[in-house]
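Listed below are the residues making up each chain.
Protein chains: 2
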Amino acid sequence: MKNTHCIPLTVLMAIVFSNSWAQMMKSHQIDDQNRVTFTVNAPNAKEVKIINLSDTLAMGAKEYLMTKNSEGIWTVTTLPCRPGFHYYELSIDGFRCSDPASQQYFGWGKWTSGLEVPSKTLDYYYPKNDIPIGEIRYHHFWSDVTGTFRKCIVYTPPGYDQNPDKKYPVLYLQHGAGESELGWTMQGKANIILDNLIAEGKTQPMIIVMNNGYAARLGAENPHRPSGADNAFEIFLIEDVIPIIEKDFRVLTNKPNRAIAGLSMGAGQAMRIGLSNPNLFGIIGSFSGGHRNFDVMTSYNGVFANDKEFNARGQLLWVGCGELDFLWTGAQNFHSDLTNQGIDHVWDASKGSHEWQVWRHHLHEFGQIVFK
Amino acid sequence: MKNTHCIPLTVLMAIVFSNSWAQMMKSHQIDDQNRVTFTVNAPNAKEVKIINLSDTLAMGAKEYLMTKNSEGIWTVTTLPCRPGFHYYELSIDGFRCSDPASQQYFGWGKWTSGLEVPSKTLDYYYPKNDIPIGEIRYHHFWSDVTGTFRKCIVYTPPGYDQNPDKKYPVLYLQHGAGESELGWTMQGKANIILDNLIAEGKTQPMIIVMNNGYAARLGAENPHRPSGADNAFEIFLIEDVIPIIEKDFRVLTNKPNRAIAGLSMGAGQAMRIGLSNPNLFGIIGSFSGGHRNFDVMTSYNGVFANDKEFNARGQLLWVGCGELDFLWTGAQNFHSDLTNQGIDHVWDASKGSHEWQVWRHHLHEFGQIVFK
Chain V
1289 MKNTHCIPLT VLMAIVFSNS WAQMMKSHQI DDQNRVTFTV NAPNAKEVKI INLSDTLAMG
1349 AKEYLMTKNS EGIWTVTTLP CRPGFHYYEL SIDGFRCSDP ASQQYFGWGK WTSGLEVPSK
1409 TLDYYYPKND IPIGEIRYHH FWSDVTGTFR KCIVYTPPGY DQNPDKKYPV LYLQHGAGES
1469 ELGWTMQGKA NIILDNLIAE GKTQPMIIVM NNGYAARLGA ENPHRPSGAD NAFEIFLIED
1529 VIPIIEKDFR VLTNKPNRAI AGLSMGAGQA MRIGLSNPNL FGIIGSFSGG HRNFDVMTSY
1589 NGVFANDKEF NARGQLLWVG CGELDFLWTG AQNFHSDLTN QGIDHVWDAS KGSHEWQVWR
1649 HHLHEFGQIV FK
Chain U
1289 MKNTHCIPLT VLMAIVFSNS WAQMMKSHQI DDQNRVTFTV NAPNAKEVKI INLSDTLAMG
1349 AKEYLMTKNS EGIWTVTTLP CRPGFHYYEL SIDGFRCSDP ASQQYFGWGK WTSGLEVPSK
1409 TLDYYYPKND IPIGEIRYHH FWSDVTGTFR KCIVYTPPGY DQNPDKKYPV LYLQHGAGES
1469 ELGWTMQGKA NIILDNLIAE GKTQPMIIVM NNGYAARLGA ENPHRPSGAD NAFEIFLIED
1529 VIPIIEKDFR VLTNKPNRAI AGLSMGAGQA MRIGLSNPNL FGIIGSFSGG HRNFDVMTSY
1589 NGVFANDKEF NARGQLLWVG CGELDFLWTG AQNFHSDLTN QGIDHVWDAS KGSHEWQVWR
1649 HHLHEFGQIV FK
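Residue numbers (this note's numbering), protein chains in the order written: chain V, 1289 to 1660; chain U, 1289 to 1660.
Do not take every clue at face value.
Any copy will do: because identical chains look the same in the list, a pair fits if it lies in one copy or spans two.
Pairs of lysine-lysine residues, derived as DSS-like cross-links and limited to a Cα-Cα distance of at most 25 Å, are as follows [stated by the list, open to error]:
#1 Lys1356 - Lys1334
#2 Lys1535 - Lys1416
#3 Lys1543 - Lys1455
#4 Lys1455 - Lys1535
#5 Lys1543 - Lys1490
#6 Lys1455 - Lys1660
Since the hints were made in silico from the structure, they are not lab data.
Hey, can you work out the whole structure from these sequences and the hints?
Here is the structure:
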């Protein structure tokens, strides 16, 4: 990889907390061994813990009991943490809440705390100050399918505004369970990953559309928690989102220039929606998907039953998973079954678990082949 | 006001919590008397309170002690609350934190909880589903003045992308102390207010640029908390932001089409920066500014000492404050002093205190005269 990394780590860390009073109340310090020291001011509490919401290994342990000093300040230093983004929260005598001094991220079905452990080896998801920077747009629209206002996050690449006649390929990119349309930019740094790939000439400029994966039809019995079996999101995406994006943005509208991908729950959505709409989507990306109970002959309405038919339908299938992921076995079996069946696909096995560091990697790899 | 309000209140409330699991864990219910019932699950806590971070009257009382039921669930119902946006937080045995079930807003120097009490009489800050909707852009850029990446929030009006030859007037709009560049859209609903004004023909389409008002020069002794006396934000705005906006967006660059306004701390910034750069800014808006120790002959380098000179410099001055604001006396005296001195200005006295409902009103009024 060409090293265009030209910002000192201290500046990179400052970016995480940039532009806010949160700078003054740093919730944590990270040393050069990636050990995190947390500080919580809760003099009346009897027991304060840091709860690691990511997997056990990500922050060295699943939770850390803090120690109170004579001024009522609780502290703890973790074991070395894996580089990347980790969700966490506080437990104050069993009450779980965000760290008041932390940036907030939407995950686990609520706004919660998170921290970024810097990588000493990777630079593809760090901003560079000598390359063009794309834009993140909050695009609000009325949805007739859900009967509500919705917003999607749209990444427009560098040059989008300066080239008013140019049209771009478009990737619909979905978050995981309990997250929101904000996940891919806030936790995943999708915009920075794309800015870097484009600057290095490793992909062409594209538009990325990120929607909230939860949707319920207008009048649904429980509008607040649509069932996973409900296809409201698929209908919403196809009947509302795609026409709105193709009206409001300059996107190419042919199949090879329209992709769908997602992580975890979003991988399932990408697989289902992509495979059942072969005329719409030319590329499907499954990042750390479940693939449980997969049967190569019958799943997805039997699209994989005939290898020649599938390989001729013009859908590039990209499948990735981390070796430490609790979904690894299912993903590996899925890959084996497809291979044995003669189904063309791209397979990416990487280090890491069910975590954003893996999904950043997936987007970085997928982004280089999606519209080739 | 023309009533274009065509969404039932139930839908409007759903918008606040739209598109997320937070929908399942509603932190509060609001009855038709604007009484708010909070629910907190903290079985081990000895004392749980709702702390009203806005003024005493906004939520009926400064704080509410909650009552625990046999299952460890704490509840309380407030007195009737004023319509509008109110910051709040929880106190769990004295530990102050966000409500885990609440949307998060950046205010009071940290991410904190907030709620929206609906108005039965005002509709100008509610979205309408039958009008064109503008866009909110997160515009990231490198600042040479601060030596950091920064982002500003840019509102582009309906039609911006569809009219690639049209140029627009631009308003630089600042938040208050402890808030961030997100305040005007998240708490203030600036984008919705403008969408509605434009749809009703009460103002022309404009671009609004919202920056974080905290800035420190590269190499400053304390980069995390610049002193109020430091003019780093002014330098940053003039040397970095304005050239970047005028390069990246289609904005008109003459003085009558460039305005600066802000609330509270941002009002002070708008006054200082606007008055000391008369060639740049044709309109200055002070929303609930301090105006303490104001001397009409000497303050702001004596710009008001000569009424004819000031009135001829081509700067429209707009000043507003709420009658319940703790800064009301200073604002009223400022208005009187200007009036006695013969200084042309627009004065807006309204109900309400130092709160977002007043600043929404200010933007709604200011927005109708700013580029007339």
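Each hint, compared with the structure:
no. : hint              : result
1   : Lys1356 - Lys1334 : both (9 Å within a copy, 19 Å between copies)
2   : Lys1535 - Lys1416 : between (32 Å within a copy, 20 Å between copies)
3   : Lys1543 - Lys1455 : within (14 Å within a copy, 35 Å between copies)
4   : Lys1455 - Lys1535 : both (12 Å within a copy, 21 Å between copies)
5   : Lys1543 - Lys1490 : within (21 Å within a copy, 43 Å between copies)
6   : Lys1455 - Lys1660 : within (16 Å within a copy, 36 Å between copies)
No hint from the list above goes unmet by this structure.
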